[in-house]
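Participant: Chains as they are written, first to last, in my numbering: chain A, 1 to 267; chain B, 1 to 176; chain C, 1 to 791.
Take the hints with a grain of salt, since some may be wrong.
Footprint (simulated), chain A over chain B, 3 or more residues, beta carbon under 8 Å [as the list claims (entries may be wrong)]: (1) 12 to 25; (2) 57 to 69; (3) 82 to 89.
Treat the hints as calculated values from the structure; they're not laboratory data. These figures come from a predicted structure and were not determined experimentally. Ideal Cβ positions, reconstructed from N, Cα and C, are used throughout, including at glycine.
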Amino acid sequence: MITYPFHYKKAGSVAEAVALLAEGGKALSGGHSLIPTMKLRLNAPDTLVDIGRIPELKTITVEGDELVIGAGATHGQIAASEVVKQHQPMFAEGASHIGDPAVRNRGTIGGSLAHADPSADWPAMVLAADATVVVEGTSGSRSVKATDFFTGLFSTAMHDGEIITQIRVPVNAGGKASYQKFAQPASRYAIVGCAVVKSADGRVNVAFSGVSEAPFRDTAAEQLINSGQVVSTAASGMSILSDHYASEEYRRHLATVYLKRALAAVA
Amino acid sequence: MKTQITVNGKPRAADLEDRTLLVDYLRDSLHLTGTHVGCDTSSCGACTVHLDGVAVKACTILAVQADGCQVTTIEGLAKGDGMHPLQDGFKECHGLQCGFCTPGMIMAAADLLTRNPHPTEAEIRTALEGNICRCTGYHNIVKSIQWAAEQASAPLLADSHLWTNDTVTREIVETA
Amino acid sequence: MSNRYIGQSVKRREDKRFITGKGRYTDDIVLPGMVHAYFVRSPYAHARVTSIDTTEAKAAPGVVAIFTGDDVAALNGVPCGWQVNFRNGETMREPKHPMLIATGDTAKHVGDPVAVIIAETKALATDAAELVVIEWEELSAVANPAKALATDAPKVHDQYPDNRAFDWTFGNPIEEVDAAMATAAHITELEFVNQRVVPNAMEPRSYIGQYDDVADKYTLYTSTQNPHLIRLLMCAFVLGIPEHKVRVVGPDVGGGFGSKIYHYTEEALVTWAAKEINQPIKWTSDRSEAFLMDAHGRDHVTKAEMGFDAEGNIVGLRIKTVANLGAYLSTFAPAVPTYLHGTLLQGLYTTPKINIDMTCVFTHTVAVDAYRGAGRPEATYLLERLMDLAALEMGKDPAQLRFQNFIPPFDGVTQPGYQTQVALQYDSGNYAPVLERGLEMLGYADFRQAQAEAAQTGKLLGVGFSTYVEACGIAPSAVVGSLGARAGLYESAQVRVQPTGKVSVFTGSHSHGQGHETTFVQVVADKLGIPMEDIELIHGDSDTVAFGMGTYGSRSLAVGGSAIVKSIDKILEKGAKIAAHRLECAESDLTYADGKWTVNGTDKSIGFGDVALTAYVPHIYPAGLEPGLDFSSFYDPANFTYPFGCHIAVVEVDKETGKTTLKRMIAVDDVGNIINPMIVEGQIHGGLAQGIGQALLEGTIYDENGQLTNGSYMDYCMPRADDFPMFETDNQVTPCPHNPLGVKGAGEAGAIGSTPSVVNAVIDALWHGGHQVKDILMPLTPERVWRAMQH
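Bound conformation, chain A alone (with noise of 0.2 Å):
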């Protein structure tokens, strides 16, 4: 398996990286989604900008109320975090359970987001716990809520030569998340994971990573649960996806049972 011919470029800064995909080719963070595609020649960039070793976006950090994730921080570092492990426990948690060791050493939050695989992890956990994804590109900075960054299948808010530089996670002091998957037993990718962030005053975020084509805010089981009501059906109203590994009668089961099993562990 070998990828089609291109050039590679590395970042030392974001700066230098968005100058460098200014002029075309795609961000390399940890590759863990990019070079299997580029293998199967399933994609074929003709520059790849190396943002993987950029010092400033490796940093794990609490800036007031928010907990400050560097995007080419590692699944591995997250999960191995203190500094996550106090102030967002279900994202230490949650990302000691994508993929396997070796590809927790090297895959990055940003570049998981950025992917956006319907069946990641991280997407429903940046999404239940109200995070803003921080891109930058050419024209500067900006902030996009969680909610609007995924917009479908693979695809997200981002713009053309941007990269993302955070995850800014608003810490949830009192509160409690968790985030239970049900894991395709091949790829242990999510064929259904639920993260719920519950806060101090008893008000819960659900969020489903594998269940559709974009991961979402399930607001329908929301609003039942914060009015004290039961949950029959989670992802009411949604499209559900439908594999060899969990029709769509199936995956609305288990989301069900999924947001359920994520409700006791925050009870």
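Chain A is fixed; fit chains B and C onto it per the hints.
Facilitator: Same frame as chain A, now just chains B and C:
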């Protein structure tokens, strides 16, 4: 592109086509054929090596991405002429049959024992999620890793002589 | 003969090179001037090539040569190793399996090769392949074996419009079975699919063809289970080149499981093309290619009925099966569903009347060949699913139902072997104790109590049983010959004692994970009474090893090991003559033990090394005796061997999701005498994993166009470490009465017994949860189990 990668402690200079995968560089240019390719989808782990001290899949990394980094392969795991405890463990507990997945298994296990010197059976099984073996049913691989963990009086630092990064927080830092 | 090594868990001698990264698999080998091959393949399951244009590709950077079907039209097709004719006597249909699909011909499965690009690097060959322009006329395809029998089904081979390769019936006449079934008080009926699975040896296939124009000699390095067989098939059938002008080397091979028996077109092509361009050529499969091109396993659609009298005694067994052979006939394809399957339907029960009706069909899929167990897992699955289901239906205990139907013990020495209704005569068996031991390990009474208690708390626990017998050590040549085998199935061995008393053993068996370098040497060391360090084992090179049939069918030790013993016997016989001469006594006065011949009743002796030296420096030497101490032997077994055992699975099913968790896997196997318990246990473990994988995780999925939709590890679920508990294994020893080591074979047992035990356990869990389902399609994915619980 010109690269300088330290492989098993030796600086290696190369001028590679940009699309060269790390695994192909190791196998084809350096003839370090202990690192294997078993799939196309980053799934099987036969190509697992350590990059700056942590396990990675060399089939999913461009060689140019490793420029300036330290790579350890199965050939460089043991210090000196001896065996790494995991190598002994795999032999002692019959943790291999055809041997094809074995280098990757050992490199993945070394990464685990670095983070978690005394893992439970369940932790070992979870840590091998990205490494496929078709021969052993994993039973003896689990025992091999347990054996190695028991042998080590101090935490097993797989290749500490090469490490430059913080193995606890997994912060990746540029290596000089 | 005292055993110092036999029976000991000697650590493997081959391990050092593998754990240090010094193994040498074919893809690790680099030859001077070597170039690389890439195959352009059919993207369709069925399509006619209307034109091929390689002009642009030939001009691409680094391209050395391109060959298409027109260039290799003179080459023959890949031969099939077995002929099974129609029941009416019509000859088995054997369509040509061409090297490359030529213009005007049709590709018959996705991946069927059309052209081979040879370039300086694999990358350049891959790049150039995209420049080959092929016009296709896509045709309709059929992948499902049952659908292939429909009158309007797409035809795989135009000359065989009914898509049948042959049909076959075996056992008692159907009228007798029908009559027996008519007396049954209860008939358990089951329609099921034994799904197609992909062997997935971790080392993808890899070949290097080389040609020496001075010696006019070819060398093929190949990841194969049987190097000599590849040489024979390639020389005599495909390329038509003299056998002595070809050397085939099977270096370290990363697993086979049956998929590396077949002589693949790529092997012959790189060998042929190496001469055409006079440069060595390497081809290594990608995993995606392996899913499309490596021989698959199983793929039966079956209706089975088992009749019982009012007491629960089996009165008859009636089977109708359609087996998918794929588009072309692989080496063992015709034998797997017939003589490796139909002949095992006695199981370990006294069933008096058995009949199987088998139809073997072509489809637009890659060839099916032997996969770990080959036919015996399918037979065991059929029988053992019926047994557990019958017990549930009749309200009987599944263990007791087995006990009452078991064939009584027979050792094959003082008691004759057991003559089955399906031709085979079992060598020795003692079936009840393995099940008793399994029940003891399970804690059966406690389990049933725990199951009932779990049900109170909403948990579904289930236990599934499987007791199996299989046929290994394939096999007496005359017998398999009468059944349609086109080769003998003996094995060869040479034992060469060097002048210094060190020993080189050459075996025609091939080790690709089985540990021959250790086990075989243990045998030789004990038989000769010398240290293992003094012995080396050589295998896998047709220029070094005289001949070999290779490793499959759990035959290496039973057949290959026995050939070694025969050579050792000859060594010791000649050695005794030399020793007697040196010790000035009669041979009959000598005893050989611990590496020396001793004159009985004295302390006079001569060591093995001294005798060896004498054989090569024959100064004081028996008159008329040839110098040297080096013997070859061929061993052709008297019978198959018949290992048996009991596998018990315990599962927990998540009521809400249908997800099955394997909680316990118990295996009590009787594989005859054991040379190296550690290695045998490892073989059992690996087999269990593959059998459990088939039950819960693995299976191909073809769409209506014949496309394999799960041809990668992202979709085809390979078992991982966290899919299993620690296995609980034990063994019983009932020696094989007809080979010198008393061994039966352990390579496939785990895969043969385990699959039905796991499925039975899920069915048991569901019945105890109030869902009386008879069958769930394998693999038992969570959705399938969940759906089964919706009724």
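Participant: Please go over all the hints and tell whether each is borne out by the structure.
Facilitator: Verification of the hints:
Restraint check on the stretch 12 to 25 of chain B versus chain A: 5 residues with Cβ-Cβ distances below 8 Å, three needed, restraint holds. For a cut-off of 8 Å, the count of residues in the stretch 57 to 69 of chain B with a CB near a CB of chain A stands at 8, and the three-residue condition holds. Restraint check on the stretch 82 to 89 of chain B versus chain A: 0 residues with Cβ-Cβ distances below 8 Å, three needed, restraint violated.
Hint compliance for this structure: hint 3 alone is broken.
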